[in-house]
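Line by line, the protein sequences are chains A and B.
Note that our numbering has the first sequence beginning at 1, numbered continuously upward.
Note that our numbering has the second sequence beginning at 1, numbered continuously upward.
What the hints contain is simulated information worked out from the structure, not anything from laboratory work.
The hints are all genuine.
Heads up, simulated EDC-like pairs for lysine to aspartate or glutamate below, C-alpha to C-alpha not over 20 Å straight-line: (1) Lys229(A) - Asp122(A); (2) Lys229(A) - Asp312(B); (3) Lys118(B) - Asp211(A); (4) Lys118(B) - Asp209(A); (5) Lys226(A) - Glu131(B); (6) Lys107(A) - Asp209(A); (7) Lys229(A) - Glu131(B); (8) Lys238(A) - Asp312(B); (9) Lys118(B) - Asp90(B).
Some chain B residues well away from chain A (every beta-carbon gap over 12 Å; in silico): (10) Arg39; (11) Pro189; (12) Pro190; (13) Lys226; (14) Pro232.
The structure presented is a predicted model; accordingly, all values stated were derived computationally and were not measured.
Where is the CB? At the ideal position from N, CA and C, for every residue including glycine.
What follows is each chain in one-letter form.
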Amino acid sequence: MRIIVPIKQVPETSKVSMDPVTGTMIREGLEAIVNPLDLYAIEAALALRAKCGGEVVVVSMGPPKAMIALREAVSMGADAAVLLSDKAFAGSDTWATSYVLAAAARKLGACDIIICGERATDGDTGQVGPAIAAWLDLPVVTYVSSIDPADGFMRVRRLVENGHEVLEADTPAVLTVVKEIGDPRLPTLAGKLRAKSLEIPVWAAADLDVDPARLGLAGSPTRVVKIFKPKVSRQCEKLAAGDEALTAVAVERLVHVLRHRELIP
Amino acid sequence: MTASVTHKGVWILAEQADGLVLRVSHELLTRGRALADARGTELTAVLIGPHMAEDQLQDIIARGADAVLAVEATELEHFLIEPYAACLLDLIARRRPEIILAGATTTGRTLMPFVAVKANAGLTADCTQLEIDPATGNLLQTRPAIGGNILATIQTPNHRPQMATVRPHSGPAAVAVAGRVGTIDRIAPPAASLASRVRRVDFIPQTDRCALTDAQAVVAVGRGIKKAANIPLAQSLADILGAALGASRDVVDRGWLSYSHQVGLSGKTVSPRLYIALGISGSIQHLAGMQTAQTIVAINTDPDAQIFQVADIGIVGSLFTVLPALIEAIRQSARLQPAPTVSPPQEGLPAAGGL
Ligand SMILES: Cc1cc2nc3c(=O)[nH]c(=O)nc-3n(C[C@H](O)[C@H](O)[C@H](O)COP(=O)(O)OP(=O)(O)OC[C@H]3O[C@@H](n4cnc5c(N)ncnc54)[C@H](O)[C@@H]3O)c2cc1C
Ligand SMILES: Nc1ncnc2c1ncn2[C@@H]1O[C@H](COP(=O)(O)O)[C@@H](O)[C@H]1O
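Please put together the full structure from these sequences, using the hints given.
So, in C-alpha cells, the structure goes:
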C-alpha cells in the first residue's frame with residue numbers, strides 16, 4: 001500500500017502578523033512547526049502501513065525551510081518525502097495549493113490513499129483535502145476518525161455534527177482525519193538519524209505537469225483585499241463573587257442579563 | 001471562467017436531515033436574501049436530498065427564496081461527495097449562478113472545495129460577514145483567520161461563481177412570511193450523477209443530547225473543574241439551558257471528556273447564542289473556537305484570566321460556589337416566567353402563574 005500525506009509547515013499561531021500591502025502572512029522570523037493537525041494524518045498513515053505494509057510518502061509545498069517539517073515526519077516513521085518549492089508557488093490559495101499537491105501526487109505514481117489533516121492552523125480552511133480529491137477525480141471522505149482497511153476499500157468512520165457515519169470508500173481515495181484517529185507517535189532516535197541523512201528531493205514547477213498560469217498568487221481565484229483586527233466589541237462586566245453574599249448578587253445580575261438578552265426564560 | 005454578465009443570481013445550498021430543512025439553511029436564506037437584494041437579482045435555494053414534502057419547500061420560499069431547485073433521489077438522502085458534487089456541478093453548468101453560499105458544516109466544508117475546483121471557482125471558508133462591494137459588485141467575504149487574531153476580507157475578482165461557506169449561528173435565521181411566492185422545481189438527476197465510490201453503511205448517533213457545533217448554547221469546562229467527577233455539575237447547568245457540553249483541550253487531554261467536546265483551534269469551532277466558560281483560562285487556541293459566540297459568560301477564580309477579555313459578563317469566583325447558586329437562580333427565573341412551550345396556560349388561568 002502506498003500512502004501519501006500532504007503536510008503543511010505553519011507558524012506558531014500565537015505570534016502571527018500580516019503584510020498590510022499584500023495581505024499575505026509574514027512568515028519570516030516566526031517559529032515554524034508541522035501543522036499540529038497533520039501529525040494525526042501522519043499517525044493514521046503509519047498505523048495503516050503497520051496493518052497493510054507499504055510506504056508512507058510525505059509531501060509539503062512551501063519555502064525551503066519546510067524541509068524541516070518533512071524531516072520531522074520522517075523521524076516519526078515516514079519512508080520518503082518530497083518538498084514542492086518554487087517562487088512561482090508563493091501566495092497560493094487553497095485552489096492553487098491543491099492543484100500543485102495533486103500534480104505532485106500524479107508524479108509520484110500509483111497510490112492507494114492520500115491522508116490530509118483536518119485543516120491547517122494558519123489558513124484554517126480545511127479545503128485543500130477535498131480540493132486535491134477533485135483535481136485527481138478521487139472520492140473524498142472528510143473528518144475521518146477511524147480507518148479499517150478491507151479488500152479494495154476502506155471502512156471508515158466519519159465524525160459529523162450528530163454522530164459518526166460508517167462509510168466504505170473504494171481506494172484510491174482521499175481522507176482527511178480528525179484527532180480521534182489516534183495520538184501522534186513521537187519521533188524515535190532511529191527515525192531522527194534516518195531523517196538527518198535521508199535525501200529529500202525538491203520539485204519546482206518545471207518538474208511538475210502544471211500550467212504556470214494556475215500557480216501562486218496569480219493563479220489563485222481568491223484575493224485577500226483587507227486585513228483588520230477584530231474590534232473589541234465586548235466590554236466585560238466583571239462581578240466579584242468572593243463570599244456568599246457577593247455570589248448571590250453576582251448571580252442575580254447574571255441571570256438578569258441572560259433574561260434581558262432572551263437567553264433564558 | 002471570467003466574471004461577466006453571463007453569471008446571475010444568488011444561490012444558497014439548503015441542507016436537510018430526515019426530510020426536514022435544517023436551521024443553518026434558514027441562516028443562509030437571511031444572508032442570501034440580503035445579497036440578492038443588493039445585486040438586484042433572484043435568490044435560489046438548491047436542495048440536494050431525498051424526495052421532500054411540499055410544505056418543506058414552500059417554507060423555504062416563505063423564508064425568502066424566490067425559487068427552489070430540489071434535486072431529488074433516494075440515493076441522495078445522505079451526503080456523499082460524488083453524487084452531491086455531480087448534481088450541483090450540473091446545475092451550475094446549466095444555470096450559471098454568480099454566488100453560491102453553503103453552511104460551514106461537515107457537508108458544506110467538503111462539498112464546496114470539491115465543487116470549486118471542478119467549477120473553476122474561488123471559495124472562501126467559514127465566513128462571518130458577507131457584503132456586495134458597491135464599486136465592483138463583487139462579493140466581499142470576511143472571515144476570522146489565524147486563530148481568530150485577525151479578520152480577512154476576501155474577493156474573487158475574476159472567477160464565477162463566487163463561493164463561500166458561512167459559519168453556522170453567525171447570523172439570524174430567516175423567519176417565514178406567509179403569502180410569499182416563488183417557484184419550485186423538482187429535478188430528477190440522471191443515473192450517472194448518482195454513482196458513488198463511497199457507500200454509507202451505518203450511522204452511530206452521538207449519545208450526547210446536543211451536538212456541539214449545532215448547539216444554540218454551550219456550557220464549556222476547563223481545567224478549573226478539577227476532576228472528571230465534577231463534570232455532572234456543569235452538565236446540570238447545560239441541562240437546564242438545553243446547552244451542549246464543551247471542553248478545553250486540557251480537559252480532553254486528561255480524559256475527563258471525549259474529543260468530540262473539544263472547542264478551539266484543534267477542536268470544534270462553535271458560534272452559539274450563549275457560551276458559558278467555566279474554569280477556562282482563555283488561551284488563544286481556545287478563543288479561536290468560540291469567540292464569535294453572541295454572548296460569552298466566564299466564571300473564573302483569576303480576575304486577570306484572559307477569558308474575561310472576550311466575555312460580555314464575567315464572575316470572578318469559584319465555579320463550585322457560583323454554579324449551584326446560578327443553577328438555582330435560573331430555575332427560579334424559569335418558574336417565575338411564563339413558559340408557554342413547556343406548560344401552556346390553561347383557560348381561565350393567568351399566563352404567569354407562580355407555580
Ligand atoms: C497547537 C495547539 C492547539 C491547541 N488547541 C486547543 C484547542 O483546540 N482547544 C483548547 O481549549 N486548547 C487548545 N490548546 C491548548 C491551550 O493552549 C491551553 O493549554 C488550554 O486551552 C488550557 O485549558 P484550560 O483553560 O482548561 O486550562 P488552564 O489554562 O489551566 O486554565 C484553568 C483555569 O481555571 C481557573 N480555575 C481554577 N480553579 C477554578 C475554580 N474553582 N473556579 C473557576 N475557575 C477556576 C484558573 O484560574 C484558570 O484560568 C492548544 C494548544 C496548542 C499549542
Ligand atoms: N502547503 C501545503 N503542503 C502540503 N499539504 C498541505 C498544504 N496546505 C494544506 N495542506 C494539507 O491540507 C490540509 C488542509 O489544509 P487547509 O485547507 O489549508 O486548512 C492540511 O492539514 C494538509 O494536510
